[in-house]
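Colleague: Here are the chains, one letter per residue:
Protein chains: 2
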Amino acid sequence: MASQGLLSSLPVPAWLQGQSTRSFSTTPRQRRLTIENINQNVVEAEYAVRGELAVKSEKYREQLRNKDTSLPFDTVISANIGNPQQLDQKPITFFRQVLSLMENPLLLEHPDVLTKSLGYKQDAIDRAKTLLDDVKSVGAYSASKGAPGIRRSVANFIEKRDGFPADPENIFLSAGASGGVSTLLNVMCADANSGVLVPIPQYPLYTATLALLNAKCVPYELEEDKSWGTNLDAIRASYAKAKAEGTSVRSIVIINPGNPTGATLSVEDIKSVLKFAAEEKLVVMADEVYQTNVFVGKFTSFKQCLRELQQSEENKDGKFDTLELVSMHSISKGMIGECGHRGGYFELVGFDEKVTEQIYKFVSIQLCPPVIGQCLVSLMVEPPVEGDPSYETYHAEERGIFDGLQKRATALYEAFREMEGVSCQSPTGSMYLFPTITLPPKAIEKAKQEGRKPDEYYCLRLLDATGVCVVAGSGFGQKEGTLHFRTTFLAPGTEWVGRITKFHKEFMDEFR
Amino acid sequence: MASQGLLSSLPVPAWLQGQSTRSFSTTPRQRRLTIENINQNVVEAEYAVRGELAVKSEKYREQLRNKDTSLPFDTVISANIGNPQQLDQKPITFFRQVLSLMENPLLLEHPDVLTKSLGYKQDAIDRAKTLLDDVKSVGAYSASKGAPGIRRSVANFIEKRDGFPADPENIFLSAGASGGVSTLLNVMCADANSGVLVPIPQYPLYTATLALLNAKCVPYELEEDKSWGTNLDAIRASYAKAKAEGTSVRSIVIINPGNPTGATLSVEDIKSVLKFAAEEKLVVMADEVYQTNVFVGKFTSFKQCLRELQQSEENKDGKFDTLELVSMHSISKGMIGECGHRGGYFELVGFDEKVTEQIYKFVSIQLCPPVIGQCLVSLMVEPPVEGDPSYETYHAEERGIFDGLQKRATALYEAFREMEGVSCQSPTGSMYLFPTITLPPKAIEKAKQEGRKPDEYYCLRLLDATGVCVVAGSGFGQKEGTLHFRTTFLAPGTEWVGRITKFHKEFMDEFR
Numbered sequence: 001m002a003s004q005g006l007l008s009s010l011p012v013p014a015w016l017q018g019q020s021t022r023s024f025s026t027t028p029r030q031r032r033l034t035i036e037n038i039n040q041n042v043v044e045a046e047y048a049v050r051g052e053l054a055v056k057s058e059k060y061r062e063q064l065r066n067k068d069t070s071l072p073f074d075t076v077i078s079a080n081i082g083n084p085q086q087l088d089q090k091p092i093t094f095f096r097q098v099l100s101l102m103e104n105p106l107l108l109e110h111p112d113v114l115t116k117s118l119g120y121k122q123d124a125i126d127r128a129k130t131l132l133d134d135v136k137s138v139g140a141y142s143a144s145k146g147a148p149g150i151r152r153s154v155a156n157f158i159e160k161r162d163g164f165p166a167d168p169e170n171i172f173l174s175a176g177a178s179g180g181v182s183t184l185l186n187v188m189c190a191d192a193n194s195g196v197l198v199p200i201p202q203y204p205l206y207t208a209t210l211a212l213l214n215a216k217c218v219p220y221e222l223e224e225d226k227s228w229g230t231n232l233d234a235i236r237a238s239y240a241k242a243k244a245e246g247t248s249v250r251s252i253v254i255i256n257p258g259n260p261t262g263a264t265l266s267v268e269d270i271k272s273v274l275k276f277a278a279e280e281k282l283v284v285m286a287d288e289v290y291q292t293n294v295f296v297g298k299f300t301s302f303k304q305c306l307r308e309l310q311q312s313e314e315n316k317d318g319k320f321d322t323l324e325l326v327s328m329h330s331i332s333k334g335m336i337g338e339c340g341h342r343g344g345y346f347e348l349v350g351f352d353e354k355v356t357e358q359i360y361k362f363v364s365i366q367l368c369p370p371v372i373g374q375c376l377v378s379l380m381v382e383p384p385v386e387g388d389p390s391y392e393t394y395h396a397e398e399r400g401i402f403d404g405l406q407k408r409a410t411a412l413y414e415a416f417r418e419m420e421g422v423s424c425q426s427p428t429g430s431m432y433l434f435p436t437i438t439l440p441p442k443a444i445e446k447a448k449q450e451g452r453k454p455d456e457y458y459c460l461r462l463l464d465a466t467g468v469c470v471v472a473g474s475g476f477g478q479k480e481g482t483l484h485f486r487t488t489f490l491a492p493g494t495e496w497v498g499r500i501t502k503f504h505k506e507f508m509d510e511f512r
Numbered sequence: 001m002a003s004q005g006l007l008s009s010l011p012v013p014a015w016l017q018g019q020s021t022r023s024f025s026t027t028p029r030q031r032r033l034t035i036e037n038i039n040q041n042v043v044e045a046e047y048a049v050r051g052e053l054a055v056k057s058e059k060y061r062e063q064l065r066n067k068d069t070s071l072p073f074d075t076v077i078s079a080n081i082g083n084p085q086q087l088d089q090k091p092i093t094f095f096r097q098v099l100s101l102m103e104n105p106l107l108l109e110h111p112d113v114l115t116k117s118l119g120y121k122q123d124a125i126d127r128a129k130t131l132l133d134d135v136k137s138v139g140a141y142s143a144s145k146g147a148p149g150i151r152r153s154v155a156n157f158i159e160k161r162d163g164f165p166a167d168p169e170n171i172f173l174s175a176g177a178s179g180g181v182s183t184l185l186n187v188m189c190a191d192a193n194s195g196v197l198v199p200i201p202q203y204p205l206y207t208a209t210l211a212l213l214n215a216k217c218v219p220y221e222l223e224e225d226k227s228w229g230t231n232l233d234a235i236r237a238s239y240a241k242a243k244a245e246g247t248s249v250r251s252i253v254i255i256n257p258g259n260p261t262g263a264t265l266s267v268e269d270i271k272s273v274l275k276f277a278a279e280e281k282l283v284v285m286a287d288e289v290y291q292t293n294v295f296v297g298k299f300t301s302f303k304q305c306l307r308e309l310q311q312s313e314e315n316k317d318g319k320f321d322t323l324e325l326v327s328m329h330s331i332s333k334g335m336i337g338e339c340g341h342r343g344g345y346f347e348l349v350g351f352d353e354k355v356t357e358q359i360y361k362f363v364s365i366q367l368c369p370p371v372i373g374q375c376l377v378s379l380m381v382e383p384p385v386e387g388d389p390s391y392e393t394y395h396a397e398e399r400g401i402f403d404g405l406q407k408r409a410t411a412l413y414e415a416f417r418e419m420e421g422v423s424c425q426s427p428t429g430s431m432y433l434f435p436t437i438t439l440p441p442k443a444i445e446k447a448k449q450e451g452r453k454p455d456e457y458y459c460l461r462l463l464d465a466t467g468v469c470v471v472a473g474s475g476f477g478q479k480e481g482t483l484h485f486r487t488t489f490l491a492p493g494t495e496w497v498g499r500i501t502k503f504h505k506e507f508m509d510e511f512r
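Protein sequences appear in the order of chains V and W. Letter by letter, the first sequence follows residues 1 to 512 of full-length UniProt numbering. Letter by letter, the second sequence follows residues 1 to 512 of full-length UniProt numbering.
Treat the hints loosely; a few may be bogus.
If several chains are the same, the list does not tell them apart, and a pair holds so long as it fits within one copy or across any two.
The calculated lysine-lysine pairs, modelled on DSBU-like cross-linking and capped at a C-alpha distance of 35 Å, are [claimed, not checked]:
(1) Lys-361 with Lys-59
(2) Lys-241 with Lys-448
(3) Lys-136 with Lys-116
(4) Lys-479 with Lys-129
(5) Lys-90 with Lys-136
(6) Lys-407 with Lys-479
(7) Lys-502 with Lys-361
(8) Lys-243 with Lys-56
(9) Lys-67 with Lys-407
(10) Lys-243 with Lys-226
(11) Lys-59 with Lys-129
These aren't lab readings, by the way, just hints derived from the structure by calculation.
Hey, can you work out the whole structure from these sequences and the hints?
Modeller: Now the structure itself:
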């Protein structure tokens with residue numbers, strides 16, 4: 001019982017306070033579950049974004065909340081995770097107005113009050129009514145793959161974005177993109193011999209989920225020198241090696257724009273991945289959650305590129321016709337940043353109907369994605385357009401967030417450029433920078449003594465000294481012999497960037 | 001491509017319309033994923049609540065929406081799933097007022113408008129502010145196991161309910177109870193040899209999740225004749241058999257009040273299960289999501305009974321001290337019925353700290369439960385109390401829903417009593433009745449010809465004839481040689497009960 005904290009508002013018997021050793025004086029009943037006998041795939045899985053450093057940073061935050069003045073900083077900066085609204089990003093007004101009406105439809109009985117006193121525009125009211133017609137109540141389960149009207153909206157959005165039609169029946173709404181990734185990997189991986197090509201560095205959801213499934217991660221390295229683009233030779237080599245080892249490779253994951261790299265792939269790069277997948281008969285998993293977070297270049301979807309290839313001369317043997325592609329999107333990123341609402345979708349292209357049925361069954365066991373999150377997906381794909389009463393505010397807010405992200409990304413990048421032993425690709429998109437750090441041999445030695453990877457040690461020291469929480473590159477995977485860390489550029493202001501600069505200088509001096 | 005529907009708003013090339021056979025005239029690239037090579041655990045899993053009948057009922061609903069007059073009914077009654085707000089149950093006003101403020105905190109700048117024109121009371125406003133202090137924004141990720149303040153509220157609720165303290169650190173918020181069940185089974189089951197005792201009949205989430213994990217369901221039968229209570233002899237026999245077969249049984253699941261049975265266990269029954277679990281070193285999984293849906297008897301929690309046993313003489317050898325118990329609760333049921341919001345929690349009692357850490361890591365990979373659903377959990381466990389401005393309305397709404405459920409349960413029960421070959425336990429709780437049906441041999445023969453289980457055949461015919469969708473007993477498990485179906489008593493009115501009566505008579509006559 002000793003491990004259980006207790007509240008003091010009720011009388012607690014002495015033995016519950018652990019003052020009696022009675023139960024341990026005889027042979028105590030052992031617990032059923034121990035770290036040794038539970039699911040070892042769970043024990044093996046790693047998820048650095050919410051790992052040791054994140055937990056420690058939460059403890060520091062709690063200490064500061066309790067007016068602890070012993071720490072060398074007065075705020076914790078959570079730069080470890082793309083959580084915009086925790087870092088003061090304001091939600092888009094139009095979206096939240098609609099959601100407030102969905103939650104309390106009784107408000108719709110007072111349209112005058114809404115418009116005259118509370119700043120609602122008619123389009124927010126109309127939108128809420130349309131969505132309520134579709135879902136009936138946000139408190140009701142929807143169909144397992146999402147409300148039909150919302151799936152139609154998503155299909156329209158894809159069609160407008162790509163210039164090619166989309167079928168609502170192939171759209172599955174999900175709890176964030178993560179829910180979709182988990183579903184797809186669960187269905188695709190049949191056994192310990194099933195493998196999936198995953199970029200290095202990658203968002204650790206992929207490796208963690210593969211570890212839970214006891215399936216194989218087949219890593220392929222991105223090219224840091226070429227703005228973290230895909231290198232088809234590296235992909236081919238990894239694939240060939242896995243195949244030679246007898247791994248049944250099922251799929252290739254591409255994160256575009258990249259996480260943690262921020263890189264946006266060119267149409268050529270996307271098409272060469274699709275060609276490779278067609279040749280080798282692999283499912284393409286396109287994680288496109290950062291599709292609007294692009295500062296440099298232009299986002300093109302895998303779906304559009306696939307449709308273009310299907311119509312091209314290159315498809316004369318029909319090899320692209322049955323290429324299976326799944327593309328994920330989310331309300332968590334972009335200028336929306338509504339990750340707490342857990343909304344997203346995936347679109348299946350070219351899947352066998354019987355496999356699609358199994359995906360449906362899998363998602364139905366968890367009943368349905370959160371319905372209010374589904375409504376946000378609908379708003380994301382059908383925001384106010386020019387001429388709508390809410391458009392001006394929406395547009396200004398959306399641009400303001402975009403510009404703020406770009407400004408902070410640049411400030412951070414400039415700071416990194418000045419730091420000794422740090423090099424960084426210029427910011428191109430997503431919400432992250434992923435600088436390389438070169439640490440002095442003495443620092444690497446010290447890390448070793450403490451039983452830590454060098455980049456982990458650096459990030460831990462950074463947190464302890466500054467309250468800034470970032471994630472070590474080893475959490476995402478990195479080329480042998482290189483060290484990185486990932487930081488978001490979401491935190492407001494630039495004061496915290498100064499903290500990093502100061503720490504870095506002192507750290508380098510300490511180990512010189 | 002033939003399986004993909006297409007929108008018509010863009011010009012579709014001929015080949016995309018399937019008019020070209022080009023791609024199939026040479027050797028086409030085969031798909032990577034087929035029903036044969038995907039995860040066979042997914043293929044094997046069954047989930048009748050959202051299975052074939054539910055899918056068919058949705059198609060009927062769509063047909064009616066499109067003014068199809070060929071069907072012999074004019075509405076579809078979804079009595080297959082506990083989805084109260086899809087069946088016109090109104091949400092609790094206070095809850096939704098608070099949520100609307102959480103979604104649009106700008107409303108809080110107009111307290112006068114809220115209270116004078118829109119019916120908000122001061123306690124709704126205050127509550128929203130308190131919750132916003134805790135979560136900051138419902139669009140931000142919370143801590144992986146839920147917002148700290150909400151977990152404290154849950155701990156207070158448990159303490160008040162049971163008379164024993166609870167530790168917020170042992171509370172994990174989840175996406176409905178389903179999310180918690182999935183987490184726990186994933187962590188507990190190490191391999192194909194791991195088993196879990198599951199009641200028969202049961203809510204099929206348990207068998208489906210065990211199938212996905214390729215772990216063993218160890219079924220134990222409930223006693224229909226004793227109001228569907230637990231029968232310790234049956235439990236012991238199933239356990240002994242599984243153990244003899246070499247299964248590593250880890251846990252026993254108890255659903256109390258029962259689903260689909262509605263039975264509420266006595267304190268004696270609960271304690272005898274706990275004693276059995278202590279002796280055999282099993283984790284107790286107490287699914288207590290229907291704890292307020294009790295018409296007959298009184299709900300007592302497993303946690304309370306465990307604490308009482310720990311303080312009793314029976315614990316002189318300390319065997320209850322380390323008994324591991326997990327208790328699940330949800331916002332989906334009770335008089336709340338907010339299943340679309342996907343909120344719930346589980347409390348861990350007596351777990352090894354290292355195992356708890358692994359549970360934490362597992363949930364962190366999916367980031368966090370929906371934050372607005374977390375807020376609803378908070379409201380569920382801390383509703384308005386006497387003296388609060390919103391209390392009167394809250395109380396009236398809550399009682400109104402309770403009385404309505406009881407009234408409809410009784411009407412349905414009375415109808416079943418009149419039907420030939422149908423017997424039914426009187427309604428005692430939850431949201432379901434689970435009558436036994438005795439079908440004529442000719443009907444059973446006919447079902448066999450159609451390749452269906454007799455109860456499935458009956459339910460399918462019921463749906464086709466009446467639009468009423470129920471779930472066959474075989475979807476929950478039933479004693480060899482018995483047939484049942486599960487129906488909710490959520491649908492408004494009693495007209496649909498008449499449809500069942502009429503169908504049943506005709507069905508019996510047809511096969512006499």
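Colleague: Hints first: check each against the structure and report whether it holds.
Modeller: Taking the hints in turn, this is what the structure says about them:
no., hint, in the structure
1, Lys-361 with Lys-59, "between (40 Å within a copy, 16 Å between copies)"
2, Lys-241 with Lys-448, "within (31 Å within a copy, 51 Å between copies)"
3, Lys-136 with Lys-116, "both (27 Å within a copy, 28 Å between copies)"
4, Lys-479 with Lys-129, "neither (52 Å within a copy, 47 Å between copies)"
5, Lys-90 with Lys-136, "both (28 Å within a copy, 11 Å between copies)"
6, Lys-407 with Lys-479, "within (29 Å within a copy, 67 Å between copies)"
7, Lys-502 with Lys-361, "between (53 Å within a copy, 33 Å between copies)"
8, Lys-243 with Lys-56, "neither (41 Å within a copy, 42 Å between copies)"
9, Lys-67 with Lys-407, "within (33 Å within a copy, 54 Å between copies)"
10, Lys-243 with Lys-226, "within (27 Å within a copy, 59 Å between copies)"
11, Lys-59 with Lys-129, "between (43 Å within a copy, 24 Å between copies)"
This entry does not satisfy hints 4, 8, going by the numbered hints stated previously.
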